[in-house]
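**Student:** Okay, here's what each chain looks like letter by letter:
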Amino acid sequence: MLQFVNTLLTGLGQGAVYAAFALALVLIWRSTRVVNFAQGAMAAFTTYLALLVVESTGSWWVGLLVALASGLVLGAGVERVVVRRVGPHNELGAVIVTLGLFVALQALASILFGAQFRSFPAPAGLEGFSRGGVTIALTPSMLITVGAVAVVLLGLVALFRFTDVGLRMRASAFDGEVARLLGVPVGRMLTLGWALAALVGSLAGVLIAGGSLVWPAYMDTVIVNGFVAAVLGGLDSPGGAVVGGLAMGVILALVTGYVGSDLVPLAALAVLVAVLLVRPQGLFARTAARRV
Amino acid sequence: MSAPATTAALRVTGLTAGYGPVTALDGVDVTAGPGRITAVLGANGAGKTTLLRTVSGLVPARSGSVHAGDVDLTGAAPERIARAGIAHVPEGRGVITELTVEENLRLGALLGKARGRTDTAIDDVYAMFPPLAERRRRDAHTLSGGERQMLVIGRALACGPDVLLLDEPSLGLAPRVVAQIFELLRERVEGSRLAVLLVEQNARSALSVADIGVVLNLGRVVASAPAAELAADDALRHAYLGF
Ligand SMILES: Nc1ncnc2c1ncn2[C@@H]1O[C@H](COP(=O)(O)OP(=O)(O)OP(=O)(O)O)[C@@H](O)[C@H]1O
Ligand SMILES: [Mg+2]
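If you read the protein sequences in the order shown, they are chains A and B. When we follow this note's numbering, the leftmost residue of the first sequence carries the number 1472, and every step to the right adds one. When we follow this note's numbering, the leftmost residue of the second sequence carries the number 141, and every step to the right adds one.
Simulated from the structure, these hints should not be mistaken for laboratory data. Among these hints, one or two may not hold up.
[Stated by the list, open to error] Covered by chain A, according to a simulated footprint, are these stretches of chain B (three or more residues, beta-carbon under 8 Å):
#, region
1, 212–225
2, 235–246
[Stated by the list, open to error] Simulated DEER-style distance windows between Cβ atoms:
#, chain 1, residue 1, chain 2, residue 2, range
3, B, 263, A, 1558, 37 to 47 Å
4, A, 1555, B, 369, 32 to 42 Å
5, A, 1731, B, 254, 51 to 61 Å
6, B, 232, A, 1476, 51 to 61 Å
For glycine and all other residues, C-beta sits at the position ideal for the given N, C-alpha and C.
With the rest of the complex left out, here is chain A (with noise of 0.2 Å):
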C-alpha cells in the first residue's frame, strides 16, 4: 500500500513537469497549428543560462527567474525571427524550421555549455517527509515543483479567462482573420503566445532538472513524454494537456515501479499509440465546437 502510494506521489511529482511542457506545446499549437520541436533544445537553454545564475548567485530561485525571463525572449525572438519568416498557412515549413531550430540549439548548447553532465541544484531537500519510521516519496524539492506549475497554470488560466490581452490572445488563436477584423495585432498575439508558451518551457525545464543532470540533451525523454502527455489531452486543450501530464506521469511510475524502468519509453509509445487508435482527438478536443 505504502509503495503504491509512493509511486502515485512520484508519478504526479514528475507528472506536473511533462503537464508544464505540454502545456507549452499546447499554447503552440492552438495558436499557429505547429507542433515545437525546438521547445526542449530552447528550455534547456534557458536552464544551462540558469544553471550559470544558480552557480554565481547561489540561489534556485533567481535562476529559475532567469530562466523565465529568458524563455519569454527566446519565444518571442524564434516566432519573430524565424517561424514568421516561413509565413502563413504554411505549418508542414514552420514544423521543418523548428526541427532544424532543435538541432541547431542543441548543437549550440554544447558549444557554449559543453557536453558533458552537470549536476543542478534541487530548489530544496530531496528527503521525504516521514513519521514514526514511515517514509512517504513526497519531498520538500516535489513540492516546489507541484506548486511553481499550479502557479503558472492560474496564471495563465487568469491571463486568458480574465484579460483583454488574453481574450484577443485566444480570438487570434481560434479565427486570426476575424480578430484583424475587429482590430487586433494578431501577429503581436502570436509573438505573446510563444512567448509565453517558452516560459512554461523554461519552467518544465529548470524543475524537470532540479536535483538531477543536466546535458544539451537531457530534454528528449521530457519532450517526448511531454508531447504524448498533449495528444492525450487533446492538443488544443491546455486543460487536458494538465491531466494528460499527471496521467502520463503516474502511469510511467507505475510502469518503473512495478513492471520495470526499461519498459518506460515503450509504455510512452503504447500511450501515444493507444491514444491514437481509441481516440485521435484526445480525451479532451472541442473540435466538435469548431466543426459546426
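Model the placement of chain B with the ligands on the given structure of chain A, informed by the hints.
**Tutor:** For chain B with the ligands alone, kept in the frame of chain A given last:
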C-alpha cells in the same frame, strides 16, 4: 486629389483587385454616406465579397483607392482599417464559436473603447438584440443562425464604427428573421452617422431596406441609383437582380 464630397464616410475609387489571373473587381467606384444604407447587389461571382474584403484590407488592391472620411486607407493592414472605423462582418458570419456570446461582444467593445466610443457598447447591443442578453454566458456555437447574425452585427456595432460592411446577412436565414434584422438595422442607422454597405444576393429585401443601390456585374458597376428607382427598373431587375 482635392477633397470632393465630404459627406462620404467611405469612398472607393477605381478599385481593382483579384486572385492570380482572375480579375474580380475592375475599376469600381462606390461611396457610402452617413445615416444611409447602401446596398451592393449582383449575381454569384459579381465581386461583392471581393469588394468588401478589399475595402477592409484582406485582399490587396491592385489599383484604386479606399478612403474613410479624409483618411487614405489604401493598402493598410486589416487591423489598422478596423481601428480607423470600418467594421466588416464577413460572409459566413465570423462568429468565434469557442468564445462566449459576451466575449465576442467584448472584442468589439475593446476596439470601440480604444476609438473613444461608449463604455456601454455591450449593453447597447443587448438592448438592440434582447435574445443575445439571455445567452450572454453561452458558448457562441450554441446559437441559432439568426442569433449568430445578431451577434456579429452587434459585435461590429460595438466597435463604434463609422462604416459597417455587411456581407450577405440574409444567407440561410428565414425571411421573417431577415426582415426583423433589417428593420433593427434601419432603426440603428436612421438619424445616426453610421454608413452601411450592405452586400446582398437577396436584392428584393436589400432594396426594401436600403437608400441607395449599386449593381455589380463581373467586377464592374453597371448601375447606381436610389433603391426605389432600381427596384422599379424592370429591365435591370431581370438582367442582374433575379426578381
Ligand atoms: N479565393 C479566391 N481565389 C480565386 N478566385 C476567387 C476567390 N474568391 C473569389 N474568387 C473569384 O472572384 C470572383 C468574385 O467573387 P466574389 O466572391 O467576390 O463574388 P460574390 O459577388 O461575393 O459572389 P457570391 O454572391 O457567390 O458570394 C469570382 O469569379 C470568384 O470565382
Ligand atoms: Mg460573396
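**Student:** Is the coverage entry for the region 212–225 of chain B by chain A consistent with the three-residue Cβ rule at 8 Å?
**Tutor:** It holds, with 5 qualifying residues against the three required.
**Student:** Range first: 32 to 42 Å. Now tell me if the beta carbons of residue 1555(A) and residue 369(B) are that far apart.
**Tutor:** violated, 50 Å
**Student:** Counting residues of the region 235–246 of chain B that have a beta-carbon nearer than 8 Å to any beta-carbon of chain A, does the count reach 3?
**Tutor:** holds (count 6)
**Student:** Within 37 to 47 Å: is that where the Cβ-Cβ distance between residue 263(B) and residue 1558(A) falls?
**Tutor:** holds, 41 Å
**Student:** For the hint 51 to 61 Å, verify it against the beta carbon of residue 1731(A) and that of residue 254(B).
**Tutor:** holds, 60 Å
**Student:** Can the suggested window of 51 to 61 Å be confirmed for the beta-carbon pair residue 232(B) and residue 1476(A)?
**Tutor:** Roughly 54 Å apart at Cβ, these two residues keep to the hinted range, so it holds.
Violation of the numbered hints given earlier is confined to hint 4; every other hint is satisfied by the structure.
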